[in-house]
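Number of protein chains: 2
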Amino acid sequence: MARVSVTAPAGFVAAGLACGIKPDGVADLALVATADRRPVPVAATFTTNRAPAAPVAASRAHLAATGGRASAVVLNSGNANAATGAAGRNDAERTCALVAAELGCAPEEVLVCSTGLIGIPLPMDPLVAGVAPLSAGLAPDGASAAARAILTTDTGPKQTLVPGPGFCVGGMAKGAAMLAPAMVGPPSATMLAVLTTDAAVEPARLQVALDAGVAASFDAISTDGACSTNDTVLLFASGVAGVVDETALAAAVALACAELAEQMVLDAEGATKAVRVRVTGAASADDARRAARRVAESQLCKCSWYGGDPYWGRIVSELGASGAAFHPDRVGVAYGGIVVCAGGVAVAHDGGAVATAMAGDRLEITADLGLGDAVAEILTCDLTPGYIDENMRTS
Amino acid sequence: MARVSVTAPAGFVAAGLACGIKPDGVADLALVATADRRPVPVAATFTTNRAPAAPVAASRAHLAATGGRASAVVLNSGNANAATGAAGRNDAERTCALVAAELGCAPEEVLVCSTGLIGIPLPMDPLVAGVAPLSAGLAPDGASAAARAILTTDTGPKQTLVPGPGFCVGGMAKGAAMLAPAMVGPPSATMLAVLTTDAAVEPARLQVALDAGVAASFDAISTDGACSTNDTVLLFASGVAGVVDETALAAAVALACAELAEQMVLDAEGATKAVRVRVTGAASADDARRAARRVAESQLCKCSWYGGDPYWGRIVSELGASGAAFHPDRVGVAYGGIVVCAGGVAVAHDGGAVATAMAGDRLEITADLGLGDAVAEILTCDLTPGYIDENMRTS
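Chains A and B are the protein sequences, given in the same order. Numbering (my numbering) for the first sequence: 1 to 395. Numbering (my numbering) for the second sequence: 1 to 395.
If we strip away everything but chain A, and leave its shape as in the complex, we get (with noise of 0.2 Å):
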């Protein structure tokens, strides 16, 4: 198997196996670690949820006893160890000191991660018992297993490398529902990221650089408006590669970033269409997110847009719903490139050249504010009967 992923970048090793957390044999525990078990430096965002489950605790607190270092993340599917109380925060502690003991670090040095359902306690015999033979198990060509055993409603594993000069970044994800991730900026789904790096860098410049790429990425995806209580990005940086041009490492964070976040999109639980909404002319920054997030997250325009109806009056009043600053006659909608709404008016446009700007499985939609320069995009879905199919049952 190729070194896809997170071990593409020198230093890292990975492991997946089925221990027994989902019932019906499916991969549900991971483990990413440098080759040499030795901590490096890492950098993390984390949701802003107030409920955040056990092991976003948990690792929060671990990466500020050691300064922002760690020799590995340990990643758990089929059960979020959430709303769980103190017997959650325990659980996590204590699948950190499992890993440490296999790997022989601190178990501060361990970090944790987990996702599946909320409010059921994890399931620690399968853990515990699993823990000895992932460990074993990890090897350069074990990126493809970690990145399978992440999953839970998405259709397939979700990883991304990318070159830069003398470096590379690499990353698995997971994530197709209670996806609009909060991180760095304001407001956010379980999402889980690991990417790696073998760039020589230090923890307080690794952290810029993937805040930058989470807010341009992670952050500007929503698929149901529902943040989670268990989004986390890390990134690892084994230093192999020695020291690099931090304007390329964060590019190429950014750019591995961007990639996953765009996956997740395409995964989304019932999706037909990944739609990128990006306004414009907004007056000021906030106003252009807050005015693209309230229409990515519009339930009509959701229905629309898998309807392949251009009912663009359902944009105008999402916008001038949002709080951004409006003015009804200087607004303007475009599907595809082909405005269809101009000084806030209906205007006459080519509709079979709509309908098949709709019928893809992308689509970009334009509003433009008309009021300053200010632009933001948000990376949505439609909204189908499939979402509802596979939410309104979960037990």
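These aren't lab readings, by the way, just hints derived from the structure by calculation. Just so you know, these numbers come straight off a predicted model, no measurement behind them. Beta carbons: idealized from backbone N, C-alpha and C, even for Gly. Check the hints yourself; a few may be wrong.
Simulated restraints, written as ranges between beta carbons of each label pair [to be verified]:
hint : chain 1 : residue 1 : chain 2 : residue 2 : range
1    : A       : 136       : B       : 349       : 39 to 45 Å
2    : B       : 101       : A       : 323       : 38 to 44 Å
3    : B       : 202       : A       : 347       : 43 to 49 Å
4    : A       : 323       : B       : 202       : 30 to 36 Å
5    : B       : 202       : A       : 343       : 40 to 46 Å
6    : A       : 165       : B       : 385       : 48 to 54 Å
7    : B       : 349       : A       : 137       : 38 to 44 Å
8    : B       : 242       : A       : 284       : 52 to 58 Å
9    : A       : 348       : B       : 327       : 53 to 59 Å
10   : B       : 23        : A       : 351       : 15 to 21 Å
11   : A       : 343       : B       : 38        : 37 to 43 Å
12   : B       : 385       : A       : 137       : 40 to 46 Å
Covered by chain A, according to a simulated footprint, are these stretches of chain B (three or more residues, beta-carbon under 8 Å) [what the hints assert, rightly or not]:
hint : region
13   : 45-53
14   : 113-124
15   : 219-228
Given chain A, work out where chain B should sit, using these hints.
Same frame as chain A, now just chain B:
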């Protein structure tokens, strides 16, 4: 036909007919007027959407010009006259002038409401032709015809009659989607409501009663989180019954608003159940409202209500993402009064009783934040394939 709804209070007449705005011969034009065509005190609340429809702008301006008095309101369905620019504003004014000429009052003594598709010019020819027969048809028994003529996707008319000591309050309304009004308080559907009373009360005092009633009713419902361009509530006071107790009037107005708001949610597009989300124990009233609205507007929660799945973890996650003060170890959740989560974790409960509570067409969910004394409620509904069917294509 009984004198129900808007003509139950003494001093009012109404009419409704099909003028041809809707292509299928369904009733689409309504008029409510004072019996003597003389202006009376009118209180009003309008959408806070910054893309208000032309009729909202016209009605607002007319009330400002008259100091809160009007003789009539003309309402059309089938076209929202929203996102129609200067031509739309002219059309709204012309409609008022046409009605005024028929009634023998001043144009600014006529108010106007529209509901239907956004972004399409109001078809004036049928409207012009319809105003004369509409005005000629004004009668005490015309309330039901008026209530039917304002409907869009509603499955039936929404009317109410609340008796008070020595007076009464009547009302009619429409609204089945784009339903999350925000008129009085912070944020909001197209919903239209016309209320009448025979009480004698000055405009300023009438507005106080209406604001309180709207805040606790229309502004506390959200079927789909979409705040319309056209939301309007009007309350006419004929004075025929003389001066009444103001507290009793406010109570009757609040009750009439609540009854109409509940009828809207019960008729929401595709919904199988009305869901009352009550947040208790919040640190502030703002926090309580924000938390209740966040849960009420969550696609994931709405799907689980449709499926009858008591997946309270989603509720906790939305509470944590709402921006309200939140402590993960203090939250509790109950379905139909049956506690499923306390102290932030799952508690043993009667699963059969929860299933029964969720199977009906009304569901009460309580989320206690455990932080203070503030309480708020939002009345909402579930999200179903029927909603998507209704909204995926409009043309």
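Hint by hint, here is what the structure shows:
1. A/136 <-> B/349: 39 to 45 Å: holds (42 Å)
2. B/101 <-> A/323: 38 to 44 Å: holds (40 Å)
3. B/202 <-> A/347: 43 to 49 Å: The hint (43 to 49 Å, Cβ to Cβ) holds, given that residue 202 of chain B and residue 347 of chain A are roughly 46 Å apart.
4. A/323 <-> B/202: 30 to 36 Å: holds (34 Å)
5. B/202 <-> A/343: 40 to 46 Å: holds (41 Å)
6. A/165 <-> B/385: 48 to 54 Å: Since the Cβ atoms of residue 165 of chain A and residue 385 of chain B sit about 51 Å apart, the hinted range of 48 to 54 Å holds.
7. B/349 <-> A/137: 38 to 44 Å: Because 40 Å falls inside the window, the suggested range holds.
8. B/242 <-> A/284: 52 to 58 Å: Hint holds: Cβ distance 53 Å, inside 52 to 58 Å.
9. A/348 <-> B/327: 53 to 59 Å: Roughly 56 Å apart at Cβ, these two residues keep to the hinted range, so it holds.
10. B/23 <-> A/351: 15 to 21 Å: This hint holds: roughly 19 Å between Cβ atoms.
11. A/343 <-> B/38: 37 to 43 Å: At roughly 40 Å between Cβ atoms, residue 38 of chain B and residue 343 of chain A fall inside 37 to 43 Å, so the hint holds.
12. B/385 <-> A/137: 40 to 46 Å: Holds: the Cβ-Cβ distance is about 43 Å, inside 40 to 46 Å.
13. 45-53: holds (count 5)
14. 113-124: Holds, because 5 residues of the region 113-124 of chain B bring their Cβ atoms closer than 8 Å to Cβ atoms of chain A.
15. 219-228: Since three or more residues must qualify, the claim that chain A covers the region 219-228 of chain B holds, with 5 doing so at under 8 Å.
Violation of the numbered hints given earlier is absent; every hint is satisfied by the structure.
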